[in-house]
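J.: Input sequences plus hints: build the corresponding full structure.
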Amino acid sequence: MPVDTKDVQGLLRFGYGSMKEAGYLVLRIRDVAAARAWCAVAPVATAEYQERPPEVALQVAFTWTGLGALGLEPGLLAEFPAEFQSGMAGEEGRSRRLGDIGASAPDKWEWGQPGREPHALVMLFARSGRLADWRQRVENDPFLTAFETIAFLFSGDLDGHEPFGFKDGISQPEIDWRRERATGCDELTYTNVQALGEFVLGYPNEYGKYTDRPLLDPAARGARGLLPAEDNPGKRDLGRNGTYLVLRQLEQDVRGFWQFLDKVSESNEAERLRLAEAMVGRTTEGHPLMPPNTNAIRGIDDASGGPSNRFTYDGDPKGIRCPLGSHIRRSNPRNADLPGGPGSLLSRGLRMLGLCDDSYRGDLIASTRFHRILRRGREYGPRLPVADAVREDPGDTQKRGLQFVCLNANISRQFEFVQNAWLMSTKFDGLSEESDPLMGNRTAAGDGRDSANFSLPMEGKPPRVIAGLPQFVTMRGGAYFFLPSLRALRYFGEGPV
Amino acid sequence: MTSQSSLMVVAALDRKTVTGLRALLAIMNHAPGRVNAANTLVPFGEFENLHFARFVILDDHTLDDVQLLYGLPRQEYPLYLAFLCDFDGPSEDFLASLVKLAGAGLRRVFAFCEGFTNATDLLEWVREHDIPIATRYVNWRGRTVKQVREEARLRQAIGAYLRSSMGGLENRTAEQTRVRAREFVRAEIAAGRLTLTPSEGMSWAGKIGGAWHFVSVGLLLALLLPPVLLLVLLRIRPMEKTDAVFAPRPGPELAAELALIEDHEVTNQFSAMGSVKPGLARLWVLSYILWLIDWAARHLFGKGRLARVRTIHFARWVFLDDRKRILFASNYDGSLDSYMDDFINKVGFGLNVVFTAGIGYPRTRWLLAQGANDEQKFKYYLRRHQMPTQVWYNAHSGLTAVDLQRNNRIRRGMEEATLSEDAAREWVQLL
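Chain order of the listed sequences is U and R.
Counting in the numbering used here, the final residue of the first sequence is number 497, and the numbers go up one at a time with none missing.
Counting in the numbering used here, the final residue of the second sequence is number 431, and the numbers go up one at a time with none missing.
Take these hints with a grain of salt, some might be off.
To be verified - Result set (DSS-like, lysine-lysine): computed pairs, CA atoms no more than 27 Å apart in a straight line: (1) U:K399 to U:K263; (2) U:K318 to R:K303; (3) U:K167 to U:K399; (4) R:K241 to U:K209; (5) U:K209 to U:K6; (6) R:K146 to R:K100; (7) U:K399 to U:K20; (8) R:K241 to U:K235; (9) R:K241 to R:K146.
Calculated from the structure, these hints are not laboratory results.
T.: Structure representation (structure tokens):
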């Protein structure tokens, strides 16, 4: 493998699915010297394949503020991307784009509010029943001297289902770890294989370019331990083998979700389930509403979801089978660079000039391959079966939701684009007055238009519109982190100043 | 057909008083990026034929680039105020309404411009300072503000009607549904609750003029193509290989200032400028390309698509300062990042062929290839050349260009006396 997996944090390659328990320590640095000393020895699990899977794992990531607190010099800090510098809650414009407004506005968060950004994130994974012990071992005296915990995010295991009851995490991009696919060429059919550089810094991305990241002079202190930059061999690459991690604590109103659907379906159980599945785009057990493609899709084999992933929406341009606005259609529209597939050179030329498409819906969605994310989220809170969820229970004060985690090399082009242009957009794929049926904040856009709808296209009829959707998902906290390579972590540990 | 016209007043400012001008322009906004359409200076909302308008101070912070990259002396251009409008109908009518509805306010604004005094004739001055546009793009030629508003109300009314009486439509064919909607609309119009101003067809003079432009300019462009290609082959291509690329990330202050005024609704504005690479060959080829795009935009792309891009309402390229500098201004749907992604993925070639003439633009190959494909550099380049727009008005706030196209389809389908069942099925699904 052309990548030194011992230098990469394991989360980029593994989901740690066998470790059913996870807890995320959201930290602020208390003592810089102690924090650096911890970085130098932190027991971080790597992406190296092991015959016997480990019992526990630890991953570590830093916010931009955190890297500053560790003592990275300003010149180097300035080379990190703007959205990472500003942070998830740092700018109102960003909050507007991400849909973090109204009840989800950053000043209402439980952690990560503007001005109270965490410095670091330590993610602990363990097999069932082992997390408490693992946490205790990690939080030794040097750790407690170094860090102050501002939030502990525990996530349990609902057997692969998110709290609304749907199987989750089925579709993932296939990372081209071996760098076998040519990058920077047009893709005329949907592919699930993604350039390594889309998820790991220091390698070519889907444009065939190296995503910007901080590079150091080899003479700088501690820089010798870093790998050279492939695209700039005279420099050392602080980003190489690292990536960015987006963490969002999404609280889900499970009762609200099922009670609303129960009301709309007039307590018809089959109809209630059908509507929920239309909103998601999959059945509760994860089968897509679309039939499987007859042709193979690159990067989708039995290991990566197989039949439940081998589909596109090409056969359903109007959204009759799977509503245009359903959650999985918004989050991954599975299209290629040019609608209509390869075709002849002439037809491709005409399509490139937009001269032969007069349809209203054609060509409205950006090319998917530039906007993929690797999801590593986990759910929290106790299970609530639908039969119970449809009933009121004022005594139930349990919180349920998703610790949404995703990895990407370019937060702005990947996570933020998906969140803004696809999920939260009230104009996705020619729709109007609706955003994501699960995630939408329902807050009227700046123009005051209602967005609390979900439409189900119907063959030969006006779409059925379900109006008055309440907000089902509320942001409780979030931040952008840099997930460094092991070498970069040790560089932080040596004390870069 | 009512065609769309535009105005672009550009006038030099007195640098000493520009702070005062900024404060005055801010009066037109509720908050940065959010215009008050009923403001007392220029009450944009009172114009029935105005699609978009903006005031932007053309403060080019990339003037050092020509020195840095080409060793030429830095040019000291005046600081300009630009006032841009896109509207329906002839310019003279619009100018008259401008003077009538916003005369006093405009006088206060233009008083900051050099040579504008109490005695200046506003109308005359505006005419004198209205500069020619090199390339103009209109999303849908002939679509008026009035039509946009009427069709938006039409869609709402039909949708609400059909959904309220859905039960009764259960066993109808699509065509029966459509006919029912049509009868409903007729009744609403008769009751004065809906208006649908009949769209005028193109006049004979307009048709002949359009055809004449298509043929004559098309022929001229075709005749000029061989020398232009020669110029590209012999002069531009060698320069292209060595022209310096300069696309640093924009400073955080500029980025923050721009972010503050963006994404308050689904449509956004973009104003950017830069210097043209030195040399006559560059200038000639660029002028030719802009002319070609202007011709194509007029004759090929006037129906909702600029090549594959469907998110631009109005856009223009304008030369300034003896064609030494160029300004690009557009009104587009979505956030700037998704707009730039749309551009890169769909019409990278179209951007490259123009912007490659801009100093520092990411390296292109044969004018069309690469360039914008250097995604991050391209985005930095655009952002760095962008200028905050002080005041921006959009008459159809909340409606994307695609929305407008859909609403018009609903209207046209509704107006048909009969439709085939297949066509009617397509139609009802638009609602």
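J.: Confirm or reject each hint.
T.: Structure-based check of each hint:
A threshold of 27 Å between alpha carbons decides the hint, and for U:K399 with U:K263 the separation of about 23 Å falls inside it, so the pair holds. For the given pair, U:K318 sits about 22 Å from R:K303 by alpha-carbon distance, which is consistent with the 27 Å threshold. Restraint check for U:K167 and U:K399: satisfied, since their Cα atoms lie roughly 19 Å apart, inside the 27 Å limit. For the hint linking R:K241 to U:K209, the alpha-carbon distance of about 19 Å falls within 27 Å, and the restraint holds.
Simply put, U:K209 and U:K6 have alpha-carbon atoms about 24 Å apart, close enough for the 27 Å limit, and the pair holds. The hinted pair formed by R:K146 and R:K100 meets the criterion: a straight-line CA distance of about 20 Å does not exceed 27 Å. Between U:K399 and U:K20 the CA atoms are separated by roughly 19 Å; this keeps the pair inside 27 Å, and the hint holds. About 25 Å separates the Cα atoms of R:K241 and U:K235, which keeps this hinted pair within 27 Å; it holds.
At most 27 Å may separate the alpha-carbon atoms for a hinted pair to count; R:K241 and R:K146 exceed this at roughly 50 Å.
Against the hints set out earlier in the document, a violation occurs for number 9 only.
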